[in-house]
Amino acid sequence: MSSSTDNRYPTRSRPVEPKPESHTRTNPTVDPEKKSRDQRKQLRRGTWRDAFSRRNLADTLLTGYLPILIALLIIVLPLAWMISSSFKPVNEIVTLEPSFLPNDPTLSNYETVDRRIPLLQVFQNSVIVTTVGSTIKVLLAITTAYALVFIRVPGANIIFLGILVALMVPPEVSMLPNFMTIEALGGRDTLWGIILPGLGTAFGTFLLRQHFKSLPKELFEAADLDGAGHFRKLFQIAVPVSMPAIATVTLVTVVNEWNSFLWPLIITDTRETMTLPVALNQLRSVEDDVASYGILMAGAVLVIVPMLIIFACLQRYIVAGLTQGAVK
Amino acid sequence: MTTVESPPDSAPSESAQRSTPTEAELAAARKRARRRASSKNWALFLLFAGPNILLILAFIYYPLISNMYYSTLDWRLGSPTADPVGMSNYIRFFTSPSGLEVWRVTAIFTAGAVIGSMVLGLLIALVLNKKIPGRTAARTAVFSPYVLSGVGVALVWMFIFDPQRGALAHILAAFGIDSPAWFLDGDWNLVMVIIVYVWKNLGYCAVVFLAGLQSIPKDLLEAATIDRAGAVRRFFSIVLPLLTPTVFFLLVTNIIFSMTNAFDILRVMTPSGNGTNTIIFEIYLQAFGQYNRAGYSAAIAVVLFFTLFIITAVQLRFVERKVHYQ
Chain Y
1 MSSSTDNRYP TRSRPVEPKP ESHTRTNPTV DPEKKSRDQR KQLRRGTWRD AFSRRNLADT
61 LLTGYLPILI ALLIIVLPLA WMISSSFKPV NEIVTLEPSF LPNDPTLSNY ETVDRRIPLL
121 QVFQNSVIVT TVGSTIKVLL AITTAYALVF IRVPGANIIF LGILVALMVP PEVSMLPNFM
181 TIEALGGRDT LWGIILPGLG TAFGTFLLRQ HFKSLPKELF EAADLDGAGH FRKLFQIAVP
241 VSMPAIATVT LVTVVNEWNS FLWPLIITDT RETMTLPVAL NQLRSVEDDV ASYGILMAGA
301 VLVIVPMLII FACLQRYIVA GLTQGAVK
Chain W
1 MTTVESPPDS APSESAQRST PTEAELAAAR KRARRRASSK NWALFLLFAG PNILLILAFI
61 YYPLISNMYY STLDWRLGSP TADPVGMSNY IRFFTSPSGL EVWRVTAIFT AGAVIGSMVL
121 GLLIALVLNK KIPGRTAART AVFSPYVLSG VGVALVWMFI FDPQRGALAH ILAAFGIDSP
181 AWFLDGDWNL VMVIIVYVWK NLGYCAVVFL AGLQSIPKDL LEAATIDRAG AVRRFFSIVL
241 PLLTPTVFFL LVTNIIFSMT NAFDILRVMT PSGNGTNTII FEIYLQAFGQ YNRAGYSAAI
301 AVVLFFTLFI ITAVQLRFVE RKVHYQ
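Chains Y and W, in that order, give the protein sequences. Using the working numbering, read the first sequence as starting at 1 and increasing by one per residue. Using the working numbering, read the second sequence as starting at 1 and increasing by one per residue.
Pulled out of the complex, with its shape left as it was, chain W reads as follows:
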């Protein structure tokens, strides 16, 4: 029997219908067949899924474990020797000024990127939710930056932000404002990369919000309109509460994305991380930048992994249950 898909108790098997052996014989035969099928299935399963599983083990799971080992070493990348230093890499990341700076930058970047793209995304989704011709094309255009190369996008915005010849400087000059010292001042750099990240990301939020908005029953909104609830009242009393699952979903995915997806923009716009050392950028800079501190970099990577693990676990355990689903 190769019909492995149907559960054994759902219907009497074909062979059982043809003859009528005793219960015990039947049970034994079924058990034998299952064991034979099982080992045959394992072979097939490994043939189909084995290569992928092997690759995932070798290039995702093995690195997780070897990172934990590297993180206990004082080891320069390229050096054949390394000294075990216990937990001191972790202690350094959580207590040294440069380590704390990474946390500060990551927190500001994440907050700015998440709030910026979600608020703008929601506004755009509310507009696109109107039944007007051309909105599908507009939706496509708004989403498009999300699929573009971060390196290319960063180059485009470098030109726009250039304090002397950039388009933004020209626009600000028209209002009599001097361009901030982008690229030189660490704080402005952080603002700059947040703006670029939000530009690239808001279409994603808009499209997911739009799907959420379209799942709100029209009759609820019509009933509220008949009860003379204004647009603002309708938004806060009906739309937003029904949108909470979408909001939480986006909140979690955006936090994770902004912590892991921004590398290209950061590396191209601020090559050595002047004020923009978020946690992922720091992992790269420490190991492959000028310091070659591989052990320290591995420790930060381990911390990042557990941070993401906790965020995901919280989402699965808590948010999915407590949030209002219609």
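So here's chain Y without its partners, still in its complex pose:
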């Protein structure tokens, strides 16, 4: 994200991120504020020059970079410590004079994790649950949002209100009855038992509905004149012009599914069906002395680093999705 984009879309009444899904952005000809590449480069150079001019230099360093540096240290150091410690042999973990980097880097912590939990199996479970769950959730969100906006039925607003209320119900509240339901259906210790109760999606539906409502009506008029049905309008018009919004919903869903802990913890007991966070919780209860922190750090790396990579590459969509007004 270029630094100039921050100012171009001032948010008004609602404290949310500048939306990346704004349709004008995909179409340069209708965006009056779009700056040319050169202009933007000039602007950025101007920022550099302002920040490091003699007049501002002290201010930039003392009230700008120094606090940023402190904040970054607080955020980044624990993660760096995790990665570094995961490669340390036991004697460097229990030492009273630890060094930041491992003196004698080793993979033995990862090997121990693999011995304690069937790592490949667990990783595969997490990947399956995340991809299958997210795919279905996003599809359901798209079709539901489309129906709410474009298929006129009496009472659609009440249905939408019902979905909004569902957005407010935390998983802890529905945990016990869902446990009874899934157990009765024979879904304990199965992957579908992990996936099924989370499939009803309120968040994605809400976000995509807001987006579909913002689409210009003219987009659909030509299709109406051609006599296109709703399926064609959805998949040939609404979905293609909404890719940024759909990407946002998808990524937020993927992050949530991957990190999900409470429900998989309750519904799985066997190692064959556990997801990674549940397995790590079990690892923690097995490896509970001072010498095992290297092993636990290796486990933490396995669950944290994949999301860090996804976030680093696609942060714009994820930040936008997660900072949307959660309750409208």
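Be a bit skeptical, because a hint or two may be false.
Heads up, simulated DSBU-like pairs for lysine-lysine below, C-alpha to C-alpha not over 35 Å straight-line [claimed, not checked]: (1) W/LYS40 <-> Y/LYS217; (2) Y/LYS233 <-> Y/LYS217; (3) W/LYS31 <-> Y/LYS217.
No wet-lab data here; the hints were simulated from the structure. Nothing here was measured: the structure is a model prediction, and the numbers come from that model.
Let chain Y serve as the given structure and place chain W on it in line with the hints.
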């Protein structure tokens, strides 16, 4: 006619333009068409939205109702029999020492988590609002803990907090301070999980505050600077008042999040809830911990739902109207 999107009164329909039937005939035809369209629309609507609605009903709404039934039972999880006990689960939650302890812990955790992440988030947002190169990268880094697995984050901080070998103990030792008895002392446990939650959450607050700060008109701040208002004065007289919508939005979402999102950190760092039994953790511990008190757990879940419902209703009814929007 499948053009259901345009409201019927906005433009004369196509068929009306071609011929000129009487008003009455037209009205009747329109009514028939609408009814036919309506039932066809319902079929389509259910085809598109039905599966999702069904899932939400089955796994969100049905649990709400069955929780209310469970909450009136004295029922051990796994036991085939249960005795109806009326409201006694609720009475116990609001009057017993262990129930009141849950309220105390929840209040402290929520207050600490919300105030901590909002104050630090605002400070970081103020710094990131300066026009200096590299701030977008810094913003990304600060936000990143928010998307990480709570289980992983809890493991990392367990190592840092370890009283013997943790990084924090080493740092404190450098200043000649003994590490507090993390993991053993209930009060320190609560402080510990609040710190970890704030660490994970402050990037969210910073980014939302930053969006709020950037919506403050620059000319207002320039005018104040010309009038020789200092940075502190500008902050309290202009920035903070214009930021009130953001502050209230964050206050409400943070209260809700801190009451519902912290489970992974609590469960991993303090497995059986020593001093950290917030309301969500207690729901889990009572039903799936050592007690298997499913009925009691359901009663707490019902209370949590209504608490959240009230907070949200207050936000929608009161805050949205009274707060200054520019």
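(message) Check the hint pairing W/LYS31 with Y/LYS217 against an upper bound of 35 Å on the C-alpha distance.
(response) holds (24 Å)
(message) With the threshold set at 35 Å, check whether the alpha-carbon distance from Y/LYS233 to Y/LYS217 stays at or below it.
(response) holds (12 Å)
(request) For the pair we were handed, W/LYS40 and Y/LYS217, check the Cα-Cα distance against 35 Å. (result) holds (22 Å)
Violated hints: none; the structure is consistent with every hint.
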